[in-house]
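**Student:** One-letter residues, chain by chain:
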Amino acid sequence: MATEALGAWGVVLGIFAGTLRGSAPFLFVSLGECLTEKSGKINLGLEGTLLTGAMSAYAVSYLLQDKVGAAVSPWIGVLVAGIAGMGLGFIHAWLSQQPKVNDIAVGIAMIIFGSGIAFFLGKPFIQPKAPPLPTIDLGNWSSIPAVQSALKISPLFLLGVAIAPLMFWFFKSTRWGLFIRAVGDSPDAALAMGMSVSKVRMLCIVAGSFLAGIGGACLSLYYPGLWSESISSGQGLMAVALVIFARWNPIQCLWASLFFGGAQAVGPALQSVGIEQGRYLFNAAPYVLTLLIMIITCSPKKTLSGAPGALGTISG
Amino acid sequence: MALSRSNWRSTAEAICLPFGALFVALVIFGIFCAICGKNPFAIYEAIYKSAFGNWRSFQGTLLRAAPLMLTALCTALPARLGLMIIGNEGALVMGGIGATIFGLLLSYGSVLPSPDQVQNLLGLPPLVVQLGMALGGILFGGVWIAIVGALRHYRAVNETISSLLMNYIAIALLNHLVEGSMKDPSSLNKPSSFPIPDIYKIGNIFSTRIHYGLIYGIIACVIAYFLIQHTTFGFAARTAGGNIKAARIAGLPVGKLTIIICFLAGSCAGLAGMVEVAAVQGQANASIIAGYGYAGILVAFVARYNPLAAALVAILLGGIIASGGALQRVFNMPDATVLVFQGIVFIVVLYSESLYGRLKIFKEPELKGTPPSAVTAATV
Numbered sequence: 001m002a003t004e005a006l007g008a009w010g011v012v013l014g015i016f017a018g019t020l021r022g023s024a025p026f027l028f029v030s031l032g033e034c035l036t037e038k039s040g041k042i043n044l045g046l047e048g049t050l051l052t053g054a055m056s057a058y059a060v061s062y063l064l065q066d067k068v069g070a071a072v073s074p075w076i077g078v079l080v081a082g083i084a085g086m087g088l089g090f091i092h093a094w095l096s097q098q099p100k101v102n103d104i105a106v107g108i109a110m111i112i113f114g115s116g117i118a119f120f121l122g123k124p125f126i127q128p129k130a131p132p133l134p135t136i137d138l139g140n141w142s143s144i145p146a147v148q149s150a151l152k153i154s155p156l157f158l159l160g161v162a163i164a165p166l167m168f169w170f171f172k173s174t175r176w177g178l179f180i181r182a183v184g185d186s187p188d189a190a191l192a193m194g195m196s197v198s199k200v201r202m203l204c205i206v207a208g209s210f211l212a213g214i215g216g217a218c219l220s221l222y223y224p225g226l227w228s229e230s231i232s233s234g235q236g237l238m239a240v241a242l243v244i245f246a247r248w249n250p251i252q253c254l255w256a257s258l259f260f261g262g263a264q265a266v267g268p269a270l271q272s273v274g275i276e277q278g279r280y281l282f283n284a285a286p287y288v289l290t291l292l293i294m295i296i297t298c299s300p301k302k303t304l305s306g307a308p309g310a311l312g313t314i315s316g
Numbered sequence: 001m002a003l004s005r006s007n008w009r010s011t012a013e014a015i016c017l018p019f020g021a022l023f024v025a026l027v028i029f030g031i032f033c034a035i036c037g038k039n040p041f042a043i044y045e046a047i048y049k050s051a052f053g054n055w056r057s058f059q060g061t062l063l064r065a066a067p068l069m070l071t072a073l074c075t076a077l078p079a080r081l082g083l084m085i086i087g088n089e090g091a092l093v094m095g096g097i098g099a100t101i102f103g104l105l106l107s108y109g110s111v112l113p114s115p116d117q118v119q120n121l122l123g124l125p126p127l128v129v130q131l132g133m134a135l136g137g138i139l140f141g142g143v144w145i146a147i148v149g150a151l152r153h154y155r156a157v158n159e160t161i162s163s164l165l166m167n168y169i170a171i172a173l174l175n176h177l178v179e180g181s182m183k184d185p186s187s188l189n190k191p192s193s194f195p196i197p198d199i200y201k202i203g204n205i206f207s208t209r210i211h212y213g214l215i216y217g218i219i220a221c222v223i224a225y226f227l228i229q230h231t232t233f234g235f236a237a238r239t240a241g242g243n244i245k246a247a248r249i250a251g252l253p254v255g256k257l258t259i260i261i262c263f264l265a266g267s268c269a270g271l272a273g274m275v276e277v278a279a280v281q282g283q284a285n286a287s288i289i290a291g292y293g294y295a296g297i298l299v300a301f302v303a304r305y306n307p308l309a310a311a312l313v314a315i316l317l318g319g320i321i322a323s324g325g326a327l328q329r330v331f332n333m334p335d336a337t338v339l340v341f342q343g344i345v346f347i348v349v350l351y352s353e354s355l356y357g358r359l360k361i362f363k364e365p366e367l368k369g370t371p372p373s374a375v376t377a378a379t380v
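Residue numbers (the numbering used here), protein chains in the order written: chain L, 1 to 316; chain E, 1 to 380.
To be clear, the hints were calculated from the coordinates, so they are not data collected in a lab. Among these hints, one or two may not hold up.
Unchecked claim - Calculated cross-link-like contacts (lysine-lysine; reagent style BS3-like; alpha-carbon spacing at most 30 Å):
| id | chain 1 | residue 1 | chain 2 | residue 2 |
| --- | --- | --- | --- | --- |
| 1 | L | K100 | E | K38 |
| 2 | E | K38 | L | K67 |
| 3 | L | K301 | E | K245 |
| 4 | L | K129 | E | K38 |
| 5 | E | K363 | L | K100 |
| 6 | L | K302 | E | K256 |
| 7 | E | K245 | L | K100 |
| 8 | L | K301 | L | K172 |
| 9 | L | K301 | E | K256 |
| 10 | L | K100 | E | K256 |
| 11 | L | K123 | E | K38 |
| 12 | L | K123 | E | K190 |
| 13 | L | K199 | L | K172 |
| 14 | E | K360 | L | K199 |
Isolated chain L, as found in the complex (with noise of 0.2 Å):
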């Protein structure tokens, strides 16, 4: 009875585990796509941005760590990471604009080019191990290692839990939080006036695509912390669903992010005390559950609260 009891504790704390490491992925990217969104414009490429920001930041990180020492190189990587992701957010960006233009498709697109991209160039660093990045460590209270393995929080999940309600905040309270909404509720207005609906809307796009980069750099640099082909597999996409999930609110965007990390540790979780029976099904479950919650929040009869007004419409 006593080993059981453990194991269930064992599994629960493993979970718990995997909620810290595995959110900050989903936090970076669901806030990039909330602050497009808002803007009226869908990104569905931020798998590839993911992918080429986990490249990048890995890339970077090993090969400055000569140069600058181990403790420097993974930051200028995460830097990297991000400017990697604006640089296909600009593609996006221009792309999508263009009249007839479905940004739908472009997402599409820019998923099949930037896990190119990133294979391409990321085949020679499969091998090497590039310095990760350091983390805090609030744990030590306790005499338990897994515990404190388990408490070993990346300074970018810090970073991120402080973005969402800095972003809600920018949303609500700025002159440019509202012409950002105005874009994206209704772009006649917005022009009326007197913005420049596209530059907007490019600024947006780009400033998304710099924070889904960073999530990138969560996944190589700190957990798994490893870069590999598969590494992402979906992470960018269940993002999205997820921002319909959070309403477009970054707040609820946490919520929402620490609610999938937490469904992807349960696999793992439960794989680590011993339990192989079904293992590929158990690593379904966070896209079961993103299918699931959009079964449920979606509704055919009325749109969403909380939309932006012109998401999804083609320009021009």
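With chain L's structure known, arrange chain E on it following the hints.
**Tutor:** Only chain E this time, still in chain L's reference frame:
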């Protein structure tokens, strides 16, 4: 495509723009190769030679074109209804699973045959077993995408996101089955189902390396073309794709149309999965996830959702995929090179979409008949 009814200028536009886009994509890809320190002209030559250079390499191209034709229809058919479905990979995998289950049941009488059953086949004629496998692929793939269509119609779930999520679910299901309830105990390194007996596999056409899957692909494309362009069903689907409100007011059963079209789309991709199992792999395992699903999306886009054009574009893209191996061997480029190229083609083709009706050469001197917007609506 309502080309026959419009004038030659829009015909020229519909032909020149996609080919121009492909050409521009080739130039950009050449620049990319040059940046990587390779000679772009040598690479063009290698792609051409290993894709279309001689009969042997062209057979390899056609082999890869066969599943692409089928998976392209999975995006092209719903697109005529205004749905953007990219669950091709998932439907292909489900079709592969379905074909394997039906094939094993019809040849051994069990999905997990005992050694005794392996020795004594049921002895059905090959045609029956092959039809059964095709039916399995069609059913599994079709239902898989029909679910996406039903979710779209009844719950307004975004079909792009749901179909992509279902790709991952299908792959997880395949991995679960071939490592668990369908696993052949003798497949240690690469978990697989029991193999389909050789006599029931789809053979090659005459003395070539090409299997009959190519014929399936071509027939499916032709049927899809006639269904969409020359039947009342296709007309109803196109009407609903053009203006869903008008279609509802006209009394068209939009929900039924959505689900039927999605079923047909999925069944095409499912048939591709059946071909992969019954002609190439001989059993279900992770090898059937070869990226044909995602490449099929690109084929559908470049062909502007026209099933006949999709067959041609599939041959073109099949050649590019076939040349991936040569690029890896001769130029020491990563296998992702083909993916980069596909991405570039996709981006340029999407940009060319915005040029319809904007280029002066293709404009009518004086506007009469169809306005440019109606022309693009008819050709999309």
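**Student:** All hints, please: hold or fail.
**Tutor:** Outcome of the hint check:
no. : hint              : result
1   : K100/L <-> K38/E  : violated, 36 Å
2   : K38/E <-> K67/L   : holds, 29 Å
3   : K301/L <-> K245/E : holds, 14 Å
4   : K129/L <-> K38/E  : holds, 28 Å
5   : K363/E <-> K100/L : holds, 17 Å
6   : K302/L <-> K256/E : holds, 21 Å
7   : K245/E <-> K100/L : holds, 20 Å
8   : K301/L <-> K172/L : holds, 28 Å
9   : K301/L <-> K256/E : holds, 18 Å
10  : K100/L <-> K256/E : holds, 28 Å
11  : K123/L <-> K38/E  : holds, 17 Å
12  : K123/L <-> K190/E : holds, 23 Å
13  : K199/L <-> K172/L : holds, 20 Å
14  : K360/E <-> K199/L : holds, 28 Å
The structure fails to meet hint 1 from the earlier list, while all remaining hints are met.
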